[in-house]
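Enquirer: Taken in order, these protein sequences are the chains called A, B and C.
Its first residue numbered 2, the first sequence is counted upward by one per residue in this note's numbering.
Its first residue numbered 2, the second sequence is counted upward by one per residue in this note's numbering.
Its first residue numbered 2, the third sequence is counted upward by one per residue in this note's numbering.
Be aware that one or more of the hints could be misleading.
The list cannot tell twin chains apart, which means a pair is met if one copy fits it or any two copies do.
When the alpha-carbon atoms are kept at most 20 angstroms apart in a straight line, the in silico DMTMM-like pairs for lysine to aspartate or glutamate are as follows [claimed, not checked]:
1) Lys190 / Asp239
2) Lys87 / Asp276
3) Lys205 / Glu150
4) Lys171 / Glu37
5) Lys87 / Asp274
6) Lys87 / Asp269
7) Lys87 / Asp74
8) Lys171 / Glu150
9) Lys323 / Glu187
10) Lys171 / Asp200
Quick caveat, the hints were computed from the structure, so don't treat them as lab data.
Just so you know, these numbers come straight off a predicted model, no measurement behind them.
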Amino acid sequence: MTRNLIDFIDITPDEFDGLYWLFEDIMHSPHDYRDEARGKVSANLFYEPSTRTNLSFQTAMLRLGGSVIGFSDPSSSSVAKGESLKDTIAMMSNYADAIVIRNPMEGAARAASLYSRVPVINAGDGGHLHPTQTLADLCTIRMHLGKFEGLNVGLCGDLKNGRTVHSLIKALSRYPNVCFYLISPEELKIPDYVRHFMDIHNQKYIEVTSLHDTINCLDVLYMTRIQRERFSCPNEYDRLKNAYVLERAMLKEAREKMLILHPLPRVDEISVDVDDDPRAFYFDQARYGMYMRMALLTIMLRHRASNPEPVPIGGCTCKNPKCVTQSEIYLPPLTHEIDGITYCSYCDKQI
Amino acid sequence: MTRNLIDFIDITPDEFDGLYWLFEDIMHSPHDYRDEARGKVSANLFYEPSTRTNLSFQTAMLRLGGSVIGFSDPSSSSVAKGESLKDTIAMMSNYADAIVIRNPMEGAARAASLYSRVPVINAGDGGHLHPTQTLADLCTIRMHLGKFEGLNVGLCGDLKNGRTVHSLIKALSRYPNVCFYLISPEELKIPDYVRHFMDIHNQKYIEVTSLHDTINCLDVLYMTRIQRERFSCPNEYDRLKNAYVLERAMLKEAREKMLILHPLPRVDEISVDVDDDPRAFYFDQARYGMYMRMALLTIMLRHRASNPEPVPIGGCTCKNPKCVTQSEIYLPPLTHEIDGITYCSYCDKQI
Amino acid sequence: MTRNLIDFIDITPDEFDGLYWLFEDIMHSPHDYRDEARGKVSANLFYEPSTRTNLSFQTAMLRLGGSVIGFSDPSSSSVAKGESLKDTIAMMSNYADAIVIRNPMEGAARAASLYSRVPVINAGDGGHLHPTQTLADLCTIRMHLGKFEGLNVGLCGDLKNGRTVHSLIKALSRYPNVCFYLISPEELKIPDYVRHFMDIHNQKYIEVTSLHDTINCLDVLYMTRIQRERFSCPNEYDRLKNAYVLERAMLKEAREKMLILHPLPRVDEISVDVDDDPRAFYFDQARYGMYMRMALLTIMLRHRASNPEPVPIGGCTCKNPKCVTQSEIYLPPLTHEIDGITYCSYCDKQI
Chain A
2 MTRNLIDFID
12 ITPDEFDGLY
22 WLFEDIMHSP
32 HDYRDEARGK
42 VSANLFYEPS
52 TRTNLSFQTA
62 MLRLGGSVIG
72 FSDPSSSSVA
82 KGESLKDTIA
92 MMSNYADAIV
102 IRNPMEGAAR
112 AASLYSRVPV
122 INAGDGGHLH
132 PTQTLADLCT
142 IRMHLGKFEG
152 LNVGLCGDLK
162 NGRTVHSLIK
172 ALSRYPNVCF
182 YLISPEELKI
192 PDYVRHFMDI
202 HNQKYIEVTS
212 LHDTINCLDV
222 LYMTRIQRER
232 FSCPNEYDRL
242 KNAYVLERAM
252 LKEAREKMLI
262 LHPLPRVDEI
272 SVDVDDDPRA
282 FYFDQARYGM
292 YMRMALLTIM
302 LRHRASNPEP
312 VPIGGCTCKN
322 PKCVTQSEIY
332 LPPLTHEIDG
342 ITYCSYCDKQ
352 I
Chain B
2 MTRNLIDFID
12 ITPDEFDGLY
22 WLFEDIMHSP
32 HDYRDEARGK
42 VSANLFYEPS
52 TRTNLSFQTA
62 MLRLGGSVIG
72 FSDPSSSSVA
82 KGESLKDTIA
92 MMSNYADAIV
102 IRNPMEGAAR
112 AASLYSRVPV
122 INAGDGGHLH
132 PTQTLADLCT
142 IRMHLGKFEG
152 LNVGLCGDLK
162 NGRTVHSLIK
172 ALSRYPNVCF
182 YLISPEELKI
192 PDYVRHFMDI
202 HNQKYIEVTS
212 LHDTINCLDV
222 LYMTRIQRER
232 FSCPNEYDRL
242 KNAYVLERAM
252 LKEAREKMLI
262 LHPLPRVDEI
272 SVDVDDDPRA
282 FYFDQARYGM
292 YMRMALLTIM
302 LRHRASNPEP
312 VPIGGCTCKN
322 PKCVTQSEIY
332 LPPLTHEIDG
342 ITYCSYCDKQ
352 I
Chain C
2 MTRNLIDFID
12 ITPDEFDGLY
22 WLFEDIMHSP
32 HDYRDEARGK
42 VSANLFYEPS
52 TRTNLSFQTA
62 MLRLGGSVIG
72 FSDPSSSSVA
82 KGESLKDTIA
92 MMSNYADAIV
102 IRNPMEGAAR
112 AASLYSRVPV
122 INAGDGGHLH
132 PTQTLADLCT
142 IRMHLGKFEG
152 LNVGLCGDLK
162 NGRTVHSLIK
172 ALSRYPNVCF
182 YLISPEELKI
192 PDYVRHFMDI
202 HNQKYIEVTS
212 LHDTINCLDV
222 LYMTRIQRER
232 FSCPNEYDRL
242 KNAYVLERAM
252 LKEAREKMLI
262 LHPLPRVDEI
272 SVDVDDDPRA
282 FYFDQARYGM
292 YMRMALLTIM
302 LRHRASNPEP
312 VPIGGCTCKN
322 PKCVTQSEIY
332 LPPLTHEIDG
342 ITYCSYCDKQ
352 I
């Protein structure tokens with residue numbers, strides 16, 4: 002498998018099958034893996050707080066018998082203060098056997114991978130990518146429904162801003178006959194580039210506004226938060242918010258085996274009385290996320306440490322203000338072309 | 002033994018004997034236990050800082066070969082921010098094999114136990130309960146005096162506000178012929194409800210103000226801090242504070258085997274020149290606390306994880322503003338009756 | 002070997018040889034040592050942040066199979082707040098098998114060693130001593146040059162304020178025929194007491210201002226930061242700073258096997274284009290520092306815990322405002338004489 006996990010697309014469907022098999026084995030026989038990472042260390046470099054993701058990665062490493070160092074917020078750390086990403090990665094990859102990085106700049110994980118002696122896992126680079134959330138979602142669906150083919154997948158809430166949802170659409174589009182039910186208010190519909198992606202891949206999807214009218218045909222209902230700050234008009238926020246509160250009573254219409262998922266934390270969009278319904282899987286989803294990260298670390302830690310190849314110094318021309326190349330100016334220019342258009346290989350924006 | 006340790010009373014005297022035996026064995030043969038918790042993880046959820054208690058629990062888990070995740074102050078953590086206690090516990094009990102919780106709200110540990118897949122240990126819930134401090138105190142006394150029966154136990158300092166002292170009185174009252182010497186200024190005497198408890202249990206006690214006159218008949222001298230902020234008149238504080246500074250010279254009157262205990266940290270109430278006296282056991286007491294927590298975790302970790310039974314949603318009527326039911330409104334109503342009076346089962350206050 | 006490592010001088014050249022041998026063996030066969038500290042705990046007490054040093058010690062302990070507790074900044078910790086160093090050490094040495102201490106007061110590590118049941122390692126006490134940095138430097142040099150005898154060692158940058166540089170001079174002076182090239186601006190020359198030390202030890206040294214003219218005869222080039230805040234005149238700072246930016250082009254003059262070292266973090270004094278030169282060893286130096294700390298902990302952890310001998314209380318007369326005896330007033334008076342002059346044994350300043 003790929004030495005670094007930067008983008009979910011780095012993993013082929015076949016590699017995902019192997020990862021899933023390992024995930025299942027670890028979940029059923031965790032004792033067999035409790036020395037898997039013995040004597041090994043992961044460096045969890047969280048340049049912005051994300052306690053939930055960090056704890057999941059930490060627990061995964063610890064349950065494999067390994068250890069964790071790092072920081073959970075650079076403000077509490079002298080590492081990374083005034084030091085280039087390159088130097089921090091060069092130093093930390095001397096101490097650790099794998100690097101797990103969360104950074105607000107888009108493309109930071111790919112940049113880190115250029116200077117690391119050890120595998121790099123992307124735990125979120127701004128609004129860009131968060132591949133292990135998608136892996137957790139897929140493992141949960143496959144675990145309980147046995148397959149992806151032919152599923153009716155409802156995605157409900159804020160479909161405009163959620164990278165989780167976009168990434169899940171991209172991932173499930175690799176399997177045949179999946180149909181997406183995109184349930185959102187007009188104001189929070191899926192962005193054009195995702196609709197375009199589905200269109201050119203002949204992906205089936207239906208855009209609707211009512212959860213009530215749709216819930217009865219779903220195999221998966223993926224709820225997301227609708228965030229107040231996205232709305233200019235508070236009244237509209239309150240009206241829409243109420244439309245998407247999943248309550249126990251609404252589940253009467255739903256299929257018996259439907260999975261209710263949520264990336265957590267929830268606020269009000271799932272009522273507490275849903276938690277005891279056998280279709281509520283959002284807390285299990287968090288547990289599966291931990292086992293999936295155990296599987297991922299197991300595979301990644303098999304790569305041996307080695308000095309990275311030298312790369313050119315400087316010369317990037319990406320104009321995206323959130324791209325990591327804006328602050329780390331020594332980064333080499335990395336681009337790729339699709340249909341004659343040039344994209345930045347850090348942030349994937351057009352140059 | 003009980004699946005959760007919320008209150009010291011959850012442990013019967015026989016169970017305490019078993020725990021004590023294990024404590025002694027671990028202390029004498031720590032190597033035999035260094036794989037006891039291998040592959041296991043405790044989640045230490047400290048909603049208010051208590052570094053001393055947290056470090057003791059952490060070290061205990063680590064010395065058993067286990068690992069620790071969690072937070073030491075919710076302000077530095079996005080977990081618990083705006084998330085219900087229920088959701089945090091549901092998630093963390095998916096990651097961990099035991100939960101150690103410290104929370105400023107009374108009854109928070111019991112509330113947590115309703116939603117946890119794994120055992121919950123109360124590491125302090127506001128001014129309410131702190132059972133592992135009492136366990137550490139008892140282990141230290143039994144270790145060095147061999148028994149509780151017939152001991153003269155001096156409790157000195159602020160007896161009004163110290164939950165440590167109240168809990169120790171309750172615990173030692175289960176053994177025959179213990180006599181308490183309650184040494185305090187008028188203003189900081191033991192509260193009525195504790196005096197009432199001793200009276201109905203025919204517990205022997207003597208209330209005095211002078212440590213000098215009492216020290217010669219004690220088997221245990223338990224010192225506590227007198228805190229300046231309890232006094233309206235600074236002069237009075239200074240007078241009383243001086244009365245209770247234990248100095249080396251005062252120990253001439255004391256029994257040769259008397260134990261000097263203190264829950265730490267001390268400020269000025271024990272002079273530095275006492276530290277080298279063979280009767281000074283307050284630093285050993287901290288070490289015994291760690292071994293006792295190793296014993297406790299060993300026992301608790303034998304329980305298997307399982308989904309908690311569903312409970313009703315909401316309906317509590319407790320009016321105690323410090324009760325956890327005030328902020329976590331979905332908690333089910335739990336009450337118990339004593340002599341026809343109804344008490345809240347979270348905070349133990351009358352409803 | 003010494004029970005505590007307070008000063009580099011605590012280790013004899015023969016003991017260093019033993020430590021170095023162990024360092025090399027651990028680096029080549031880390032798996033053989035991954036259970037060396039199993040079941041053991043180090044307490045890393047960082048009274049001021051030093052993430053780099055702390056992470057190095059943490060990783061070293063974890064790679065030996067041990068665990069780490071402690072704090073990385075006392076402001077985030079209730080331990081040490083208003084508690085004497087003595088009490089914190091007494092408590093922490095009950096929990097841990099070794100103490101690693103960083104403290105802004107000079108002599109704090111020696112003070113801690115008086116009250117500890119377990120070995121104490123000095124991870125920096127103010128501007129006074131930092132022996133493990135020197136150990137890391139020596140291991141790197143010996144690893145790659147095979148010896149210290151006869152080396153030409155260039156020390157470049159701020160030689161006035163760098164305790165790293167002073168300590169390295171002291172350490173290398175123990176070996177024959179070492180010659181120091183002290184490369185610094187006039188304003189940042191080596192202090193008189195170091196020059197005096199070299200003179201009375203017949204140590205060869207040359208003071209120069211140009212790196213360009215000197216680089217061709219060096220076996221080791223040890224770069225340090227020049228800090229802007231040392232200069233009253235910004236123009237002068239900028240002129241001097243530029244004189245000491247090591248760039249790839251300058252390496253054409255340098256010997257093929259010259260080692261470029263730096264204690265890190267660097268700012269601008271080594272250009273990024275030097276990193277890929279085979280003579281750049283500053284990131285490897287950090288890795289060797291970790292292995293050296295593994296060797297050091299391995300040896301130190303062999304000492305058994307035991308209660309420290311009682312010491313007198315109070316009476317110090319050192320006037321150095323940065324000396325630990327100023328704030329910890331119970332410390333016993335410890336002094337030593339050299340040539341009839343009395344020195345404080347905590348901070349090494351004349352009394």
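Enquirer: Between the shortest in-copy and the shortest cross-copy C-alpha distance, which are at most 20 angstroms for Lys190 and Asp239: within, between, both, or neither?
Expert: Classified as within: same-chain Cα gap 17 angstroms, cross-chain 54 angstroms, threshold 20 angstroms.
Enquirer: Since the copies are identical, ignore which copy is meant and state whether Lys87 and Asp274 lie within 20 angstroms (CA to CA) inside a copy, between copies, both or neither.
Expert: between (49 angstroms within a copy, 12 angstroms between copies)
Enquirer: State whether the alpha carbon distance between Lys171 and Glu150 is at most 20 angstroms within one copy, between copies, both, or neither.
Expert: Only inside one copy: Lys171 and Glu150 sit 14 angstroms apart there, 63 angstroms across copies, limit 20 angstroms.
Enquirer: Reference check for the pair Lys205 and Glu150, CA-CA at most 20 angstroms: within, between, both, or neither?
Expert: within (12 angstroms within a copy, 75 angstroms between copies)
Enquirer: Tell me, please, which holds for Lys87 and Asp269 at an alpha-carbon limit of 20 angstroms: within, between, both or neither?
Expert: between (41 angstroms within a copy, 14 angstroms between copies)
Enquirer: At most 20 angstroms between C-alpha atoms: does Lys171 with Glu37 qualify within a copy, between copies, both, or neither?
Expert: neither (32 angstroms within a copy, 44 angstroms between copies)
Enquirer: How do Lys323 and Glu187 come out at 20 angstroms by Cα distance, when the copy is not named: within, between, both, or neither?
Expert: neither (27 angstroms within a copy, 44 angstroms between copies)
Enquirer: Using 20 angstroms as the alpha carbon limit, work out where Lys87 and Asp74 are close: within a copy, between copies, both or neither.
Expert: within (18 angstroms within a copy, 26 angstroms between copies)
Enquirer: How do Lys171 and Asp200 come out at 20 angstroms by Cα distance, when the copy is not named: within, between, both, or neither?
Expert: within (12 angstroms within a copy, 72 angstroms between copies)
Enquirer: Between copies, within a copy, both or neither: which fits Lys87 and Asp276 at Cα up to 20 angstroms?
Expert: Answer is between; shortest inter-copy Cα gap is 10 angstroms, intra-copy 45 angstroms.
Figure legend: structure checked against the earlier numbered hints; hints not met, in rising order: 4, 9.
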